[in-house]
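Q: Residue numbers (the UniProt record's numbering), protein chains in the order written: chain P, 1 to 351; chain U, 1 to 390; chain Y, 1 to 330.
The reader is advised that the hints may include incorrect statements.
Calculated Cβ distances over 10 Å to all of chain U for the following chain P residues [unchecked claim]:
no.: 1; residue: Ser-131
no.: 2; residue: Asp-156
no.: 3; residue: Glu-334
no.: 4; residue: Ala-345
Which bits of chain P does chain Y cover? Going by a derived footprint, with three or more residues having C-beta under 8 Å, they are [said to hold, decoys possible]:
no.: 5; stretch: 95-105
no.: 6; stretch: 117-130
The list that follows gives simulated cross-link-like pairs (lysine-lysine, DSBU-like), each with its CA atoms no further than 30 Å apart [said to hold, decoys possible]:
no.: 7; chain 1: P; residue 1: Lys-98; chain 2: P; residue 2: Lys-132
no.: 8; chain 1: P; residue 1: Lys-129; chain 2: Y; residue 2: Lys-245
no.: 9; chain 1: P; residue 1: Lys-93; chain 2: P; residue 2: Lys-42
no.: 10; chain 1: P; residue 1: Lys-67; chain 2: Y; residue 2: Lys-245
no.: 11; chain 1: P; residue 1: Lys-67; chain 2: Y; residue 2: Lys-146
no.: 12; chain 1: P; residue 1: Lys-98; chain 2: Y; residue 2: Lys-245
no.: 13; chain 1: P; residue 1: Lys-132; chain 2: Y; residue 2: Lys-245
no.: 14; chain 1: P; residue 1: Lys-93; chain 2: Y; residue 2: Lys-245
no.: 15; chain 1: P; residue 1: Lys-153; chain 2: Y; residue 2: Lys-245
no.: 16; chain 1: P; residue 1: Lys-129; chain 2: P; residue 2: Lys-93
no.: 17; chain 1: Y; residue 1: Lys-108; chain 2: Y; residue 2: Lys-98
no.: 18; chain 1: P; residue 1: Lys-67; chain 2: P; residue 2: Lys-93
no.: 19; chain 1: Y; residue 1: Lys-146; chain 2: Y; residue 2: Lys-245
Calculated directly from the structure, the hints in this document are not laboratory data.
The beta carbon of each residue, even a glycine, is placed where N, CA and C say it ideally should be.
Residues per chain are reported as follows:
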Amino acid sequence: MAEKANPQRAFLEVSDLSVQFPTEDGIVRAVDGVSFAIERGKTLAIVGESGSGKSVTAQAVMGLINKRNADVSGEVIFDGEDLVAMPEEGLRKLRGNKMAMIFQDPMSSLHPFYRIGDQLTEAVNAHEKVSKASARDRAIEMLHKVGIPAPAKRFDDYPHQFSGGMRQRVMIAMALINSPSLLIADEPTTALDVTVQAQIIELISQLQREFDTAVILITHDLGIVAHVADEVAVMYGARVVESGSVDDIFYHPQMPYTLGLLASIPRLNQVHGDRLDPIPGNPPSPLRLPAGCVFNPRCGYQDRVTGDLCQTQRPALESVGAGHRVRCHLPATERQAVAELVLSALGRSSA
Amino acid sequence: MSNLIGPVISAEAALRVTDLRTYFPVRSKGLFPKTVGQVKAVDGVSFSVQPGQTLGLVGESGCGKSTTGRSVLRLVEPTSGRIEFDGLDVTEMSSKEMVPIRRKAAMIFQDPYNALNPRHTVGAIIGAPFAVQGVKPPGGVRKAVQELMERVGLNPEHYNRYPAEFSGGQRQRIGIARAVALKPKFIVCDEPVSALDVSIQAQVINLLRDLQDDFGIAYLFIAHDLAVVRQISHHVAVMYLGQVMELATREDLYSRPLHPYTHALLSAIPIPDPRAQRQREHIMLSGDLPSPAAPPLGCVFHTRCFQAQDICAVEKPEIIEFEPGHKVACHFPIVEFLGTAPITGPDPGLTKQTGAAGEDRGSNDLIREIGTDYGAAPNTPIDPGPAIWR
Amino acid sequence: MSAYVVRRVISMIILLLLLTLVVFILFSLLPADPARLTCGKGCTPEVLEANRHKLGLDLPVIQQYWEFMKGLFVGRIYAADSPDPVVCNAPCLGYSFKRGEEVLVLIKDRLPATIWLALGAFILWLAAGISLGIYAALRRGRWQDKTVMGISLAGYSLPSFFLGLMAIFFIVIRLQLLPYPAYVSPFENPIQFFQTMLLPWIVLAILYAAFYMRLTRNQMLEVLGEDYIRTARAKGLPERVVIRKHALRAGLTPIVTAAGLDLAGLLGGAIITESIFSLPGLGSLAVNSVNDADLPVIVGITLVTATFIIVANLVVDLLYAVIDPRVRLV
Numbered sequence: 001m002a003e004k005a006n007p008q009r010a011f012l013e014v015s016d017l018s019v020q021f022p023t024e025d026g027i028v029r030a031v032d033g034v035s036f037a038i039e040r041g042k043t044l045a046i047v048g049e050s051g052s053g054k055s056v057t058a059q060a061v062m063g064l065i066n067k068r069n070a071d072v073s074g075e076v077i078f079d080g081e082d083l084v085a086m087p088e089e090g091l092r093k094l095r096g097n098k099m100a101m102i103f104q105d106p107m108s109s110l111h112p113f114y115r116i117g118d119q120l121t122e123a124v125n126a127h128e129k130v131s132k133a134s135a136r137d138r139a140i141e142m143l144h145k146v147g148i149p150a151p152a153k154r155f156d157d158y159p160h161q162f163s164g165g166m167r168q169r170v171m172i173a174m175a176l177i178n179s180p181s182l183l184i185a186d187e188p189t190t191a192l193d194v195t196v197q198a199q200i201i202e203l204i205s206q207l208q209r210e211f212d213t214a215v216i217l218i219t220h221d222l223g224i225v226a227h228v229a230d231e232v233a234v235m236y237g238a239r240v241v242e243s244g245s246v247d248d249i250f251y252h253p254q255m256p257y258t259l260g261l262l263a264s265i266p267r268l269n270q271v272h273g274d275r276l277d278p279i280p281g282n283p284p285s286p287l288r289l290p291a292g293c294v295f296n297p298r299c300g301y302q303d304r305v306t307g308d309l310c311q312t313q314r315p316a317l318e319s320v321g322a323g324h325r326v327r328c329h330l331p332a333t334e335r336q337a338v339a340e341l342v343l344s345a346l347g348r349s350s351a
Numbered sequence: 001m002s003n004l005i006g007p008v009i010s011a012e013a014a015l016r017v018t019d020l021r022t023y024f025p026v027r028s029k030g031l032f033p034k035t036v037g038q039v040k041a042v043d044g045v046s047f048s049v050q051p052g053q054t055l056g057l058v059g060e061s062g063c064g065k066s067t068t069g070r071s072v073l074r075l076v077e078p079t080s081g082r083i084e085f086d087g088l089d090v091t092e093m094s095s096k097e098m099v100p101i102r103r104k105a106a107m108i109f110q111d112p113y114n115a116l117n118p119r120h121t122v123g124a125i126i127g128a129p130f131a132v133q134g135v136k137p138p139g140g141v142r143k144a145v146q147e148l149m150e151r152v153g154l155n156p157e158h159y160n161r162y163p164a165e166f167s168g169g170q171r172q173r174i175g176i177a178r179a180v181a182l183k184p185k186f187i188v189c190d191e192p193v194s195a196l197d198v199s200i201q202a203q204v205i206n207l208l209r210d211l212q213d214d215f216g217i218a219y220l221f222i223a224h225d226l227a228v229v230r231q232i233s234h235h236v237a238v239m240y241l242g243q244v245m246e247l248a249t250r251e252d253l254y255s256r257p258l259h260p261y262t263h264a265l266l267s268a269i270p271i272p273d274p275r276a277q278r279q280r281e282h283i284m285l286s287g288d289l290p291s292p293a294a295p296p297l298g299c300v301f302h303t304r305c306f307q308a309q310d311i312c313a314v315e316k317p318e319i320i321e322f323e324p325g326h327k328v329a330c331h332f333p334i335v336e337f338l339g340t341a342p343i344t345g346p347d348p349g350l351t352k353q354t355g356a357a358g359e360d361r362g363s364n365d366l367i368r369e370i371g372t373d374y375g376a377a378p379n380t381p382i383d384p385g386p387a388i389w390r
Numbered sequence: 001m002s003a004y005v006v007r008r009v010i011s012m013i014i015l016l017l018l019l020t021l022v023v024f025i026l027f028s029l030l031p032a033d034p035a036r037l038t039c040g041k042g043c044t045p046e047v048l049e050a051n052r053h054k055l056g057l058d059l060p061v062i063q064q065y066w067e068f069m070k071g072l073f074v075g076r077i078y079a080a081d082s083p084d085p086v087v088c089n090a091p092c093l094g095y096s097f098k099r100g101e102e103v104l105v106l107i108k109d110r111l112p113a114t115i116w117l118a119l120g121a122f123i124l125w126l127a128a129g130i131s132l133g134i135y136a137a138l139r140r141g142r143w144q145d146k147t148v149m150g151i152s153l154a155g156y157s158l159p160s161f162f163l164g165l166m167a168i169f170f171i172v173i174r175l176q177l178l179p180y181p182a183y184v185s186p187f188e189n190p191i192q193f194f195q196t197m198l199l200p201w202i203v204l205a206i207l208y209a210a211f212y213m214r215l216t217r218n219q220m221l222e223v224l225g226e227d228y229i230r231t232a233r234a235k236g237l238p239e240r241v242v243i244r245k246h247a248l249r250a251g252l253t254p255i256v257t258a259a260g261l262d263l264a265g266l267l268g269g270a271i272i273t274e275s276i277f278s279l280p281g282l283g284s285l286a287v288n289s290v291n292d293a294d295l296p297v298i299v300g301i302t303l304v305t306a307t308f309i310i311v312a313n314l315v316v317d318l319l320y321a322v323i324d325p326r327v328r329l330v
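The following block holds chain P by itself, in its conformation from the complex (with noise of 0.2 Å):
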């Protein structure tokens, strides 16, 4: 294993990623420019809506980006190599192995033809010469881990014959069975009941400390994000508008579309008036992302910006504190000033 090549690089640091799809409608802008870096140990949430480009990324990230279909740009440094430039067998040998990830859907995400424990052991095979025995003790030992009870006799069932939860659960011991170190978690819960996915959250929090693994959340779900994440990169339109710690992205938000997120999502904890506040129109197609700022056609606050910056000039992801950076044109006491009315009227100061 190489040693870190630059001590003073993250774990992984992905830096101007761009991923475009030339489709007979025009070139989709999936991602334009994303750049955020994890340690060790932690978590990144990665926030967005549909089309935004979070799922996008990830699959930049892990090399699942077919490059015949599409043109991925910008760099991907993981543990000091640079994922973009590797030719596909060295990620092959990445994926699975020191990077895994888990989907959406626990149900269609296992083959429904082979055991579990065939798909398991099959992760082992990928990346290591082990013999049968070792590959399945292994595979029995990560589905006890992740709580399948009797993993055993459960290692030659079919994924049919798992809840949804359990399919999950296997999913994640798929991704864990050679100790990752970054794991990419997309959506993980979303296709799940409330109950079990606090089950699931809590698995991996779990397993991430036992493997000291980076994780990069992919959701949509600012609850989630507010339980698990250590870093914060909230994604709009092919863009990451805002990022930093999950506190400065929670009580200290900037960018105007961080701000109605915030608003208009209905908590079980409100103290204000029962009325959400929401974002007006909708997100854009990638197909046709708006020139200047990605947000401007729902930003009530461009009367705040002088000339036409907003709709003109693409604004750079700029920092406002450590480990903060917003990309906005407003000013920064008038980004201050908006931030103090939405909050105030969220029922809490930013203090």
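Model the placement of chains U and Y on the given structure of chain P, informed by the hints.
A: Relative to chain P, chains U and Y alone:
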């Protein structure tokens, strides 16, 4: 009507459901299929919705909330029970008799992509109820439809467009416009926002509330998301495996839940506030939902319940009005503020039968086994001792 | 499983009974009088009536059907009260007075050519259709895909009588690469057998291969978009394992159904191909029998063909259960 909650109003409830049961037969396959059992999708559910109010119906997948909604509108034939629209018993009505009644009731569906006919224009979709019911609005159907479109936040100029040209949120608005076209007394909303993006959900919830205020429509609002339900409901019923576990006003249900399942549900939903979330107590329910085809005996929740005692596996708790306006179906409701003792003591005669009853319940035992095994697994649920209730 | 098979066989028999009944009734409605066809130019009403009685055509349809069913199990004697009765032993599928032969014997004579034709073409079209379909799917949208789909379209559009006649004209007559087709059993003269069968096999296979290319390609594309394929890639499996182990098995499952039924259908005779290459198969027998209104032969062939298809259906369902563990036969 002591077993029905809600403020005592002289007017009839917009919707009153009494002991509704909807069972689906399970058939064997083959040349001569036989009924080999039944799924009790809805098993003895009672509630009422007052005019202009919302009853939220929450629960996890397979709890029967959607079937309840469909049974109420007789889109699914209920097995037994009584359904009244605006004081009128519609349970036994033929489909022909139902036609004029359908003017009083409408439905909004979950999936804004499949609920609209892609080959019809938006105008035709929203105007369909007028045609079906033979209603001639003053000024013509087109004018009425365009007013509706304006009212739900759609551009009336898009009258001749097709559903494919609209986003998910806009399609849900089309569905809503269609539902309110004939000014119904009540609407069954089946997961109306769960397929929508977060920023759009709030738009749709606000729209539904505005329409309720304007037209006095009652909603039966079916959803799995307790936070969404809280935004719109006056009363909330929590369902589990075909039965109502708890029914209360919104304030009571969210601030002083009585049923252990309600507690678990509320605790399982992470709140978007990191500091508050870190300080919250978490109740981790073990195991998955049992299959509705083989629900546990006794209390259906006892296999996953942290309060369960012997009696729960044997005797089904009836739903009772524990406090005024707060109903619960539990032998041991959680009453930390009242400090009341369990309302039903274990019946010695019944407890003796536990062993015998347990033996012929193979599948349920398995579920219990799974549940217990979780306890031994590394992700041990928090010990359900009384301390967590402080 | 065995209970399932028993149930399926019982329903199969009921289905076949209904089928023969329908064929009987349909033929009784035909304007042609089969008895008239057995009686030459100088036909007198007396001879006609005698022949009709001999054939059992003077009985009501239902009774004719009953006689037929009885013949299947215990054999049957035609015109027992006449000086020259005809004995047809069980299982008696009927007797063709037109040809003066038991239907079963006629079918037995014709079956080998049909089976050889069907089997050979089956192997060819599966090999070509599936491999090209997979190839096209893996190169979706590129020139290889477009070429394969072009070939498929061409194969689809060319009628087999045209293809067959072209093949005979160019390969047999002009270029004289092969002798003129004359069917012999492969056990008698394997070389001549192959020389005869090669063109019919190819001609018949092209049409089916065209269909299977498309089917396979679409199936594979669908499966390649499945979540579990993404999971397999995320596990770090080499692409060839992803394709061979994960995609193929799922993608080819529906093809088993189509292939089983197509093969069974062909065992009932490939009418056009058999006619062009003068193969003595069931298809040409069926055509001649329809022309002659030879009811007993038509009923016999219908029954045999239907049996093939229904048995194939059962086999396909059983195979499905073996391939897909989610399918439970109850």
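Q: Given the proposed pairing of Lys-129/P with Lys-245/Y, does the C-alpha separation stay at or below 30 Å?
A: Holds, at about 19 Å.
Q: Classify the label on Glu-334/P as holds or violated, using whether its beta-carbon is more than 10 Å from each beta-carbon of chain U.
A: holds (22 Å)
Q: Does Lys-98/P pair with Lys-132/P here, judged by a C-alpha cut-off of 30 Å?
A: holds (22 Å)
Q: Please work out if Lys-93/P and Lys-245/Y have their alpha carbons no farther apart than 30 Å.
A: holds (18 Å)
Q: Taken at face value, is the distance from the CA of Lys-245/Y to the CA of Lys-132/P at most 30 Å?
A: holds (18 Å)
Q: Given that the stretch 117-130 of chain P was listed as covered by chain Y, double-check it with a C-beta distance under 8 Å for 3 or more residues.
A: Check passed, 4 qualifying residues.
Q: At 10 Å, judged by beta carbons, does Ala-345/P keep clear of chain U as stated?
A: holds (14 Å)
Q: For the pair supplied as a hint, Lys-146/Y and Lys-245/Y, is the alpha-carbon distance within the 30 Å limit?
A: holds (26 Å)
Q: Do the alpha carbons of Lys-67/P and Lys-93/P lie within 30 Å of each other, as the hint requires?
A: With Cα atoms ~17 Å apart, Lys-67/P and Lys-93/P stay inside 30 Å; holds.
Q: State whether the coverage of the stretch 95-105 of chain P by chain Y holds or is violated, taking the criterion as 3 or more residues with Cβ-Cβ distances under 8 Å.
A: holds (count 7)
Q: Taken at face value, is the distance from the CA of Lys-93/P to the CA of Lys-129/P at most 30 Å?
A: Cα-Cα ~13 Å, so holds.
Q: For Asp-156/P, is the shortest CB-to-CB distance to chain U above 10 Å, so the non-interface label stands?
A: The claim stands: Asp-156/P keeps its Cβ more than 10 Å from every Cβ of chain U (closest is about 17 Å).
Of the numbered hints given earlier, the model fails none.
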